[in-house]
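For this one, chain U is given, so just place chains C, S and A on it according to the hints.
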Amino acid sequence: MIHYLFKRCLILLATLIVASLVVFVTIEVVPGDPASFMLGLNAQPDTVNALRAELGLDQSRLQRYLSWAGGLLKGDFGISYTYRTPVVDMVRDRLGVSLPLAMYALLLSVLIAFPAGVLAASRRGGVGDTAIMGVTQLGLAIPNFWFAMLLVLLFAIKLTWFSAGGFPGWDSGFFVAMKSLTLPAIALALPQASILTRVMRSSLLDVLNEDFMRTARAKGLSKRAALWKHALRNAMIPVLTILGLQFSFLLAGAIIIENVFFLPGLGRLIFQSIASRDLIVVESVVMLLVFAVVLVTFMVDLAYAWVDPRLRGAR
Amino acid sequence: MKLRNILPGTLLVFLFFSAALISYLWTPFDVALIDIKARFKSPDTINWLGTDHFGRDMLSMLMVGARTSIAVAIVAVGIGMLFGVPLGLTAAAKRGSWLDELIMRANDLVFAFPALLIAIMITAVYGPGAVNAIIAIGIFNIPVFARLSRGAALSIWKRDFIQAAKVSGKGAVRISSEHILPNITNLLIVQGTIQFSLGILAEAGLSFVGLGTQPPIPSWGRMLADSQTLIYTEPQLALYPGLAIVLTVLGLNLLGDGLRDWLDPRLRHDR
Amino acid sequence: MIDKVLAKPLLKLTDVSLQIHGTPILKRINLELLAGKVLGIIGESGSGKSMTAFSILQLLPEGSDLSGVIEFDGHTLTDMQETRLCELRGNAIGMVFQEPMTALNPVQSIGQQVAESIRLHQAVSKKMAWQQAAVVLERVGLPNDEFPLSRFPHELSGGQRQRVVIAIAVALKPQLLIADEPTTALDVTTQSEILHLLKKLVQEENMALIFITHDLAVVADVADDIAIMRDGEVLESGSTERVFRELSHPYSQALLGASLHVPERISASIAPAPLLDVKDLVCEYPMPRQRLFGLKPVFRAVNKISFTIAPGESVGLVGESGCGKSTLSRALLGILPVQGGRVMLAGHSIHTSQALTHEVRRKMQVVFQDPYSSFNPRHKVARLIAEPLFVLQQTPTRAQQKTMVLESLQRVGLEAQDADKYIHEFSGGQRQRIAIARAIINKPELIVLDEAVSALDVSVRAQILDLLAALANDHGLSYLFISHDLSVVRNITDRVLVMQHGEIVERGDTKTVFDSPQNSYTRALLAAVPRLSDSIAAQAAGFK
Amino acid sequence: MKSINIIPAAIAVLLLTSGAHAAKTDLVLGMQLEPPNLDPTGGAAAAIDEIVYANIFEGLTQFGADGSVNPALAESWEISEDGKRYTFTLQSGVKFHDGSAMDSEDVKFSLDRAGAEDSTNAQKQLFANIESVEVVDAQTVALNLKAADGNMLFNLAWGDAVIVAPETIGTAVTSPVGTGPFKFSNWVQGDQIVIEKNPDYWGEPVKLEKATFKFISEPTAAFAAIMAGDVDAFPVYPAPENLAQLEADPRFSVVLGSTEGETILSTNNKQAPLDDVRVRQAIAHAIDRSAIIDGAMFGYGTPIGSHFAPHNPAYVDLTAKSEYDPQKSKALLKEAGLEDGFTTTLKLPPPAYARRGGEIIASQLREVGINVEISNLEWAQWLEQVFKGKDYGLTIVSHTEPMDIGIYANPEYYFQYDNADFRALIENFNAESDPDKRMTLLKDAQTIIADDYVNGYLFQLAKTGVASSKLKGLWPNSPTQANDLTGVYWED
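One line per chain: the protein sequences are U, C, S and A, in this order. If you're matching positions, the first sequence starts at 1 in the numbering used here and goes up one per residue. If you're matching positions, the second sequence starts at 316 in the numbering used here and goes up one per residue. If you're matching positions, the third sequence starts at 587 in the numbering used here and goes up one per residue. If you're matching positions, the fourth sequence starts at 1131 in the numbering used here and goes up one per residue.
This is chain U alone, in the form it adopts within the complex (with noise of 0.2 Å):
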């Protein structure tokens, strides 16, 4: 086990060093000078220079690179170059939205998929499953940014019982907050769930099959009491992995989302960074993002040792 953990750290570390070339790369070709995007139309090119001078995009791609990965390593993302205050801070705060979101989000399609997949399941081929399944074919097919539209136009503009978009903040107290983020999470929720459920639904039928769960029942217990006792832990796998695809999902991919609910996002920061030419806003932001993953994904390794017994000896 240590082992496997030592092996994976390295792993972890090797795929952030090279995502961090990757990123770095791919955002520096990137055209448009954020200096000149600051500076707007009537701007005088020595005006331009200093600014750039100002922001160190005077220096060669190695050393910004360089300052930039050491940086990181010491928790410090740079100064934004429109904002011109610490990325961190900027991420702190955007994280705020959107981490609570992601999670919500999560909750609900979890709260969703888990009874649905199980009542399909036991009830393979029955009414109850053939709706479910149908309802998540929909869920699937329905674009989330159109799903969110339909949601603000019934319940913000038609009922107003929510807000159309916008994020009070926290110190404006829990529930409001969490009022605010409420139609977001359903509108990202809806896929998510339907997924879930389907994986869930399809590993439960696998875990039905195996010969331990004629075995339960040849010990007396019923149907139903088997698929609780036995055929859930083991139908876990593989919707744990999906639950961790989801997270990193949902804290990055929510952009369209954030801009329909105007909500201060991280996927909105990444948008308007790129759209200002922010480089290292986006820089630092997608790397944190990879991270994010990459440490999910381990995470749910883990959770694979804690669920299955077997893959806690070797690996």
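If you are wondering where the hints come from, they were derived from the structure by calculation, not from laboratory data. Hints are not guaranteed to be accurate.
As the list claims (entries may be wrong) - The calculated lysine-lysine pairs, modelled on DSS-like cross-linking and capped at a C-alpha distance of 27 Å, are:
1) LYS229(U) / LYS786(S)
2) LYS1007(S) / LYS481(C)
3) LYS158(U) / LYS1600(A)
4) LYS485(C) / LYS988(S)
5) LYS598(S) / LYS223(U)
6) LYS158(U) / LYS356(C)
7) LYS594(S) / LYS786(S)
8) LYS949(S) / LYS229(U)
9) LYS1154(A) / LYS179(U)
10) LYS485(C) / LYS1029(S)
11) LYS890(S) / LYS481(C)
12) LYS352(C) / LYS1593(A)
13) LYS949(S) / LYS481(C)
14) LYS1154(A) / LYS158(U)
15) LYS473(C) / LYS966(S)
16) LYS473(C) / LYS949(S)
17) LYS712(S) / LYS223(U)
18) LYS481(C) / LYS1029(S)
19) LYS988(S) / LYS481(C)
20) LYS1340(A) / LYS179(U)
21) LYS485(C) / LYS1007(S)
22) LYS223(U) / LYS865(S)
23) LYS713(S) / LYS229(U)
24) LYS1458(A) / LYS352(C)
25) LYS481(C) / LYS966(S)
What the hints assert, rightly or not - Partner residues aside, some chain A positions facing chain C, computed with beta carbon under 7 Å:
26) PRO1349
27) THR1350
28) ALA1369
29) GLU1371
30) GLN1375
31) GLU1377
32) ALA1421
33) GLY1425
34) GLU1489
35) ILE1490
36) SER1493
37) ILE1504
38) ASN1506
Computed from a prediction, not measured in an experiment: that's the story for all the values here. Note that beta-carbon positions come from the ideal geometry of N, C-alpha and C, so glycine has one too.
The following block gives chains C, S and A in isolation, referenced to the frame of chain U:
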């Protein structure tokens, strides 16, 4: 019973594919033709689905939009298979070797990047447009197929008939092409349809944020974006393209599931 | 005889018929079992013997339609509602399954799984149940100091797992124990251990036992009564000695004949120059690192093995699973790298640095155990059989190929039109014939038969053995006959090698080895094999 | 049924606590763009001025709602005969938000800093003419100019010329300290900026206690926000297509005004065949302004025939010079030897007027045989390729700086329009201080560029504001990019 699963999907897919194909030869109206005076017409005998905010015929727009979405998705999936499958097969053939390790780590790396963001960055680097959208979507299809084919191939490599082939002196390449590939095509086809539908969603998403297909070529995603502000006054403009996307994706998914059952019952639970 | 008339049967099946999705599985089954007696149900795969068991437990797959009456201890199981059935299962009726590797929940400790079945039917505290579980496991031969309750299934061997399954089944001292091929998946030695365990338990607890198997020999000396099944019908049933004495039904006779079958073969005149010459062969596998740094430890699967096979000779290689015989075979075939020693085939080395010459490859072919995974399901038989032709320097023309394919098809007793079929259209036996056809198309001199008949039913197995013998006689083929089943090897080989822990522990003429084994392990092996002839003799003599 | 009724009730409670129903002394203002920072003397982004101008920062002079130049921190001034020395008398008792007093030293610092070599001020040229800034006494400061300049008072009214304090300028980017009636309170980046009343303001105190600028880039979101009552007003409402509906809604009033934004089809005057005036004229005649104004702006916007704002007294209507006449434009193309048309690029920045207008123009030009390849760019790319790189044929952009016809005098500017007469004219104009003469010069200037068809002149961007009907005192027009909230109040 198998037919029941495949039929609705096939019908939907056929509907939109034929619409796309027809649009190459004929559309009710020229989608490049803008006539402001004729905008927001409600459906009638001339414009079956009415006209948009530029007075263009919605039906024609949808048909050409289908063409765009499908083309983008197909090529993207193609890229994914073209690179992914050989990579996966190689990794499986050389399982445990440094090459295998390298390929798989590279996959993880790509997986580690938030797809939509990279797509946005790519389009930011090389400018928005269908081609770059395709590349962006395609890149993220590669690891999907690489993993799938590696996993499937590994299970085939364990079978005795591979041993028999080795005894007959066949090499890894020959075995992969003769024995492995034919035995994983079903999986690939099924996954293909799924990735296809994801591709369509992705294209719609990119176009929706203005990084996908560029005007004047219509695309469902951009039609949605254009009609966004009008959804309250002219809801049908946002409704049609939305439905088009939903139905196409739905069709493809249904088709995928149907194929899954039909081609190989053993894959029914396969994910 | 008399008590049968008086005593009321514990279990009674009357006209039980079963259909699954419309296809008939059981046809009007009638069976009786008295308390404390042993009923052996014998049949080949697809005879419906397992489904009979599941019908009794009322654990049938979806789409099943059961008719007839099953009475157990005065209750009618067939119209009992689920809750009551749950009370019976595991409590009054216990069951043991064929596949111990998958019969246990991998994520629960063995203690949990045994204790669960106890707590299900008895109002006892967790602690109590845990203690009882410990006791039961002791009784099935898993002493707690060696096998603590906290063990997980994957930490146990097949035999040990089967013991756990048995423990679960007998934990509550059921009146009826159903054992469905409980030993088929196990090695001979383990098999006999499990058999003894079952016998012991049945006697101690005075349980009734239904013992389901495909192997006459296994039940012959266990069962009071025997039922022989085929295609969902009971062909004959009655007390064991009567059944064996009379064997009224031709199929039963065939079955018995098959399992005693000895294929006729003329043993080869040993030529001086060996065809295959193996010297100090060593094969090793790397194992996962134990410590962070340092080398990966290696597992030596084959340890300095030397032997020869003369042209036309048929040599048996016997050993239990994990003894390294499969590794050895793959090494001989040149599809596995070796770490030492050499393998010479007709004077050419197999493991030379440069790729094997076609000439050498041509001389050697293989037939594998599993007729289902031995063929690419996407290819037609013709192409499958033609595959070895790939090794010939100049690949023959289509026409030539066709004739060669047809030729070998005929030689293994298949029709010409079979060439255009896909593999899934054939039965297990036919598939092995096709495998042999593939093996002989190049007119090789040595064929490695890796458990080639182990997966087949006895009757089919007999036919395949005959075919192999015939081929050997006609073409002076040499066989390396790898098997865990000694009875097979006994009847078809000239010499036999007994393998254990990667080494050959005994070698010699088949007859001598079988009659007067020198090595202790060999003796154990032979002792473990149930001998039908003996048990029949015993039955006839009327004592057990 | 009951259970359903509970939900809205619960929500209503939340709504109350969430303060979505704002008390009547605070205001939530919707803006499409978030400022990158809050230092108007350091950054160019219009969004900066739209928050701080006249609210947080003040200059010596200041624009009024009608575009007039009024005294601000300078209560009065004198101009020497030769027009080269401006002497300003400062308001007394002005304090910065940090409590320090504002005096002529601060003025000198601010103007020197803005004009300095290494200055990153975006409108540096405004100060180019300043020879020196001279501190007469604490309340008096004098500007010595290199040459007489009629624009000086106008220039000093710009947001880039506001007065800042040396000790706080360092932190101005995130927490600006000025002399205005509001002081900076809080910035939730990506979401909102809050400013609050400055209790010890030197001038007339404002009625609002607190104002929040909420940043909503998506037009849809903007509509949703205003409909859902998240936002009280959108001074510049991004989606004209909704205005009709909003106007019909009694809760809102739509404020129509003019901006300084001349929206033009900028043309690369050095790129063939666009370097041929006949081709440019052909393009001009191929364009149907009304269709564009309808299609892109849903009717909001005034057609223009030159680079000049219609609401300006010096404006002359020259639209007739380029009326919609496809035949004529075909003829002109023939004359220029391009009867079977030609292909050029049309590079469009993000705003809706550009993207929509672009599509329409493309199809109109196609009618006369000119084939345009549209490519949509982000601002950064647009600046790189079009504005700096001059790698474009056509583009659409709205020039929102007031009185910026002077850009045509710069051959290096991205139109690459090079006309000596015009340059001379502008020089005279800059030197001239007599209003009437300036007026005529401006009219001539408009005519010259209209006759040269330098660019396709489309329309004056309308300022389409949407506000709660109870909200009063917002500027209808934007003579400069600003949201002056000093006069804003709620009517009960």
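Verification of the supplied hints:
As the CA atoms of LYS229(U) and LYS786(S) are separated by approximately 32 Å, the hinted pair breaks the 27 Å bound. Restraint check for LYS1007(S) and LYS481(C): satisfied, since their Cα atoms lie roughly 23 Å apart, inside the 27 Å limit. Only pairs whose Cα atoms come within 27 Å are accepted, and LYS158(U) paired with LYS1600(A) is accepted, the gap being roughly 22 Å. The hinted pair formed by LYS485(C) and LYS988(S) meets the criterion: a straight-line CA distance of about 21 Å does not exceed 27 Å.
A distance of roughly 26 Å separates the Cα atoms of LYS598(S) and LYS223(U); the hinted pair therefore holds under the 27 Å criterion. For the given pair, LYS158(U) sits about 25 Å from LYS356(C) by alpha-carbon distance, which is consistent with the 27 Å threshold. Our distance criterion of 27 Å between C-alpha atoms is met by LYS594(S) and LYS786(S), whose separation comes to about 24 Å. For the proposed pair LYS949(S) and LYS229(U), the alpha carbon gap of about 56 Å is over 27 Å, so the pair is violated.
At roughly 24 Å between alpha-carbon atoms, LYS1154(A) and LYS179(U) fall within 27 Å of each other, so this suggested pair holds. Taken as a hint, the LYS485(C) and LYS1029(S) pair is honoured in the structure, with Cα atoms around 18 Å apart against an allowance of 27 Å. Distance restraint check for LYS890(S) and LYS481(C): the Cα-Cα separation of roughly 25 Å lies within the 27 Å cut-off, and the hinted pair is therefore satisfied. Under the criterion of a C-alpha separation no larger than 27 Å, the hint pairing LYS352(C) with LYS1593(A) is consistent with the structure, at around 24 Å.
Annotation: proposed proximity of LYS949(S) to LYS481(C) holds, straight-line Cα distance about 14 Å (limit 27 Å). Proximity of LYS1154(A) to LYS158(U) is assessed by CA-CA distance (about 25 Å); at most 27 Å being required, the pair is judged to hold. Pair hint LYS473(C) plus LYS966(S) holds up; C-alpha atoms about 21 Å apart against a cutoff of 27 Å. A distance of roughly 24 Å separates the Cα atoms of LYS473(C) and LYS949(S); the hinted pair therefore holds under the 27 Å criterion.
Between LYS712(S) and LYS223(U) the CA atoms are separated by roughly 22 Å; this keeps the pair inside 27 Å, and the hint holds. In summary, the hint linking LYS481(C) to LYS1029(S) is supported, as the alpha carbons are separated by about 18 Å, within the 27 Å threshold. In summary, the hint linking LYS988(S) to LYS481(C) is supported, as the alpha carbons are separated by about 22 Å, within the 27 Å threshold. Pair hint LYS1340(A) plus LYS179(U) holds up; C-alpha atoms about 24 Å apart against a cutoff of 27 Å.
The hinted pair formed by LYS485(C) and LYS1007(S) meets the criterion: a straight-line CA distance of about 24 Å does not exceed 27 Å. Between LYS223(U) and LYS865(S) the CA atoms are separated by roughly 58 Å; this puts the pair beyond 27 Å, and the hint is violated. Taken as a hint, the LYS713(S) and LYS229(U) pair is honoured in the structure, with Cα atoms around 19 Å apart against an allowance of 27 Å. Note on LYS1458(A) and LYS352(C): the hinted pairing holds, with a Cα-Cα distance of about 23 Å set against a maximum of 27 Å.
Restraint check for LYS481(C) and LYS966(S): the C-alpha separation of about 19 Å stays at or below 27 Å, so the hint holds. Of the supplied interface hints, the one on PRO1349(A) holds, with its beta-carbon coming within about 5 Å of a beta-carbon of chain C, less than 7 Å. At its closest, the beta carbon of THR1350(A) sits 4 Å from a beta carbon of chain C; the interface hint therefore holds under the 7 Å criterion. Given hint, ALA1369(A) at the interface with chain C, holds; its Cβ is 4 Å from that chain's nearest Cβ, closer than 7 Å.
For GLU1371(A), the interface hint holds, the least distance from its beta-carbon to any beta-carbon of chain C being 5 Å, beneath 7 Å. Hint status for GLN1375(A): holds, given a least beta-carbon distance of 6 Å to chain C, under 7 Å. Checking GLU1377(A) against chain C: minimum C-beta separation of about 12 Å lies over 7 Å; hint violated. Nearest Cβ of chain C to the Cβ of ALA1421(A): about 5 Å, under the 7 Å cut. The hint holds.
Given the 7 Å rule on beta carbons, the hint for GLY1425(A) holds: about 4 Å separates it from the nearest Cβ of chain C. Taking 7 Å as the C-beta contact cut-off toward chain C, the hint placing GLU1489(A) at the interface holds, the least distance being around 5 Å. The criterion of a C-beta within 7 Å of any C-beta in chain C is met by ILE1490(A), whose closest approach is roughly 5 Å, and the hint holds. A hinted interface residue such as SER1493(A) counts as satisfied when its beta carbon comes closer than 7 Å to some beta carbon of chain C; here the least separation is about 4 Å, so the hint holds.
Because the closest C-beta pair between ILE1504(A) and chain C is about 5 Å apart, less than 7 Å, the hint holds. Against a cut-off of 7 Å between C-beta atoms, the interface hint on ASN1506(A) holds, since the closest Cβ of chain C lies about 6 Å away.
Against the hints set out earlier in the document, violations occur for numbers 1, 8, 22, 31.
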